[in-house]
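Novice: With chain A held as given, fit chain B onto it using these hints.
So the sequence lines, in the order shown, correspond to chains A and B.
The opening residue of the first sequence carries number 1 in my numbering; numbering runs sequentially from there.
The opening residue of the second sequence carries number 1 in my numbering; numbering runs sequentially from there.
Treat the hints loosely; a few may be bogus.
[To be verified] Now the stretches of chain A that chain B is said to cover, found in silico as 3 or more residues with beta-carbon under 8 Å:
hint	segment
1	5-11
2	146-160
3	246-252
4	281-295
Please keep in mind that the hints were generated in silico from the structure rather than gathered at the bench.
Glycine included, C-beta positions come from ideal geometry on N, C-alpha and C.
There are 2 protein chains.
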Amino acid sequence: MRVAVLGIGSVGRGVLRMLAEKPELGLVLTAVSDSSSASIDPSGLDPRDVLDRKNLTGRCGEPGLGAGDVLASDVYDVLVELTPTDARTGEPALTHLRTALARGHHVVTSNKGPIAADLAGLEALAAERGVAIRYEATVGGAIPVIHAIRDGLAGNRLGEITGVLNGTCNYILTRMDDEGLTYEQALAEARELGYAEADPSYDVLGIDAAIKLVILANTCWGLSTTLDDVAITGIDGLTADALRLAASQDCTIRLIGEASPTRGLKVAPRVIPRSHPLVIEGTLNAVMLSADMAGEITLMGKGAGSVETASAVIGDLIAIRERGSSGG
Amino acid sequence: MRVAVLGIGSVGRGVLRMLAEKPELGLVLTAVSDSSSASIDPSGLDPRDVLDRKNLTGRCGEPGLGAGDVLASDVYDVLVELTPTDARTGEPALTHLRTALARGHHVVTSNKGPIAADLAGLEALAAERGVAIRYEATVGGAIPVIHAIRDGLAGNRLGEITGVLNGTCNYILTRMDDEGLTYEQALAEARELGYAEADPSYDVLGIDAAIKLVILANTCWGLSTTLDDVAITGIDGLTADALRLAASQDCTIRLIGEASPTRGLKVAPRVIPRSHPLVIEGTLNAVMLSADMAGEITLMGKGAGSVETASAVIGDLIAIRERGSSGG
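Chain A with its partners taken away, still in its complex shape (with noise of 0.2 Å):
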């Protein structure tokens, strides 16, 4: 299957390593672009060379060429959408698969922004062309929840979708628990070890757990919220003190994002008992599905990660590669 990639951040160098590490999935890079440049060869260009030359240059192929010519092109069977993302217009990574979708390519993406934006509008203009979205990398990294909501859980009517959506900020919280560091010293050390931006607040103000959270409840119930449907409340406020209360009664904090098709869409602190499964450590991350028949399902793990997004990624080529457009 021969496939087109958008965009060489994190998790692009992560599908490009593992496309070079398991030529035994036959997946074919055709083509590639990043924000300068690009290089497109229908018989199959070596992952290895585009990150060398990335690495080297700062360019992955030819200055001038970029993501319209890859689009353009048609050598790919599948669109790999993993340019930065926007999170309220979803641009320009909407026009990228919305291009691709219209042209027939299957396309698979960890771009948020786009999904959150317009996931019904992608799903009809994908089923007009007979062709598949696939997102699973939008939502909690590497853990497989969007195969466990379509396949999984198929068969189940979901009645409330809960879980830990952020790394950065059940870090920080995981630190103020268990070390008693003010919010500051925490978000401190988090820049320290990468696991918060220069500027944190797409992540501490709930945002980014937020549109993971849009997206899961679109999917759950083919809804068409988007994030100005959310009700949010960041951790920036959390103090010590509430962290040693809620200590007190043998609870502690953590963002939980809360989604119903009856009570809306929440993001916000919340005191949970310890012993609950969504008070995970460090940058985990964790959903709790409620199901009618299955009751409730956990899944947890890593969140974020070059390889683990890759991961997620990954299954998403090779479920379409065995099912087409098919199979949920």
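Specialist: Below, chain B without anything else, positioned relative to chain A:
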């Protein structure tokens, strides 16, 4: 899609109830048998009528008919094998599955015996006939762990499986830990609540957990291990003192199954830190999969129950309807 059901115990009742309650799934019951009767109607049976008849008369259909008649009727696309399991030989379920596959029908089962006894042989037969064999319900009840291994983590190499695979043992250990009960007291309580059989040896000696571990290992690595390959220690020798000692070190004891392609298969009580993801409460089950790309993924949920296990059976039926024999 036409479905034939063999066996109307707890799981069979759950499946029939769900077929009745969820007509939108498009699963039509055309044949059913219990140990002393069968009912066959190519135009479709009402699952409610079957359950009512079973409750009223102890039989689901006409005396004198049986599983053999259902199998030979060929009025089904998928055979659902839910008869009582025989841990060692897998019979008569193994013959039922082989017969249905040989006749060109898909099969779905919750029956651990035949899957632990001869998964490789059954899969070879299914492949030869171009049909599917699915067995999500054999391990972890409602938890979609086989789906996660085959689909969600597709492309990953799995290095190790660890899990809490028996809810009866986990309940007993939870109660010994929480309340300082002796093994005998906790077992008596589990019996009263219906969590343990009159003869609990299959559960408390670790055999049930070992069979599930065999199924997981053979699924992950294409092995043909059997129950004889598992080093098994049950929980029947555990003292309240051992639990207290563990508690004094902020640990507890759980019956853990562990498998790796290099270090073999083992079921034994293990002292583990309280914060470990496998420390779950009551009758829950959990499985931790260690994957080369995804890292450690943990799934937890209800490991037993009529409707919960039916959820796994229904998920398999939908997968077959959507994908046929393809898709892993």
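Novice: Are the hints correct? Go through all of them and say.
Specialist: Against the structure, the hints come out as follows:
For the segment 5-11 of chain A, the proposed coverage by chain B is not satisfied: 0 residues have a C-beta within less than 8 Å of a C-beta in that chain, short of the threshold of three. Counting residues of the segment 146-160 of chain A whose CB lies closer than 8 Å to any CB of chain B gives 8, which reaches the minimum of 3, so the coverage claim holds. Coverage of the segment 246-252 of chain A by chain B is violated in this model, with 0 residues showing a Cβ closer than 8 Å to a Cβ of that chain against a need of three. A stretch counts as covered by a chain when three or more of its residues have a beta carbon under 8 Å from one of that chain; for the segment 281-295 of chain A and chain B the count is 5, and the coverage holds.
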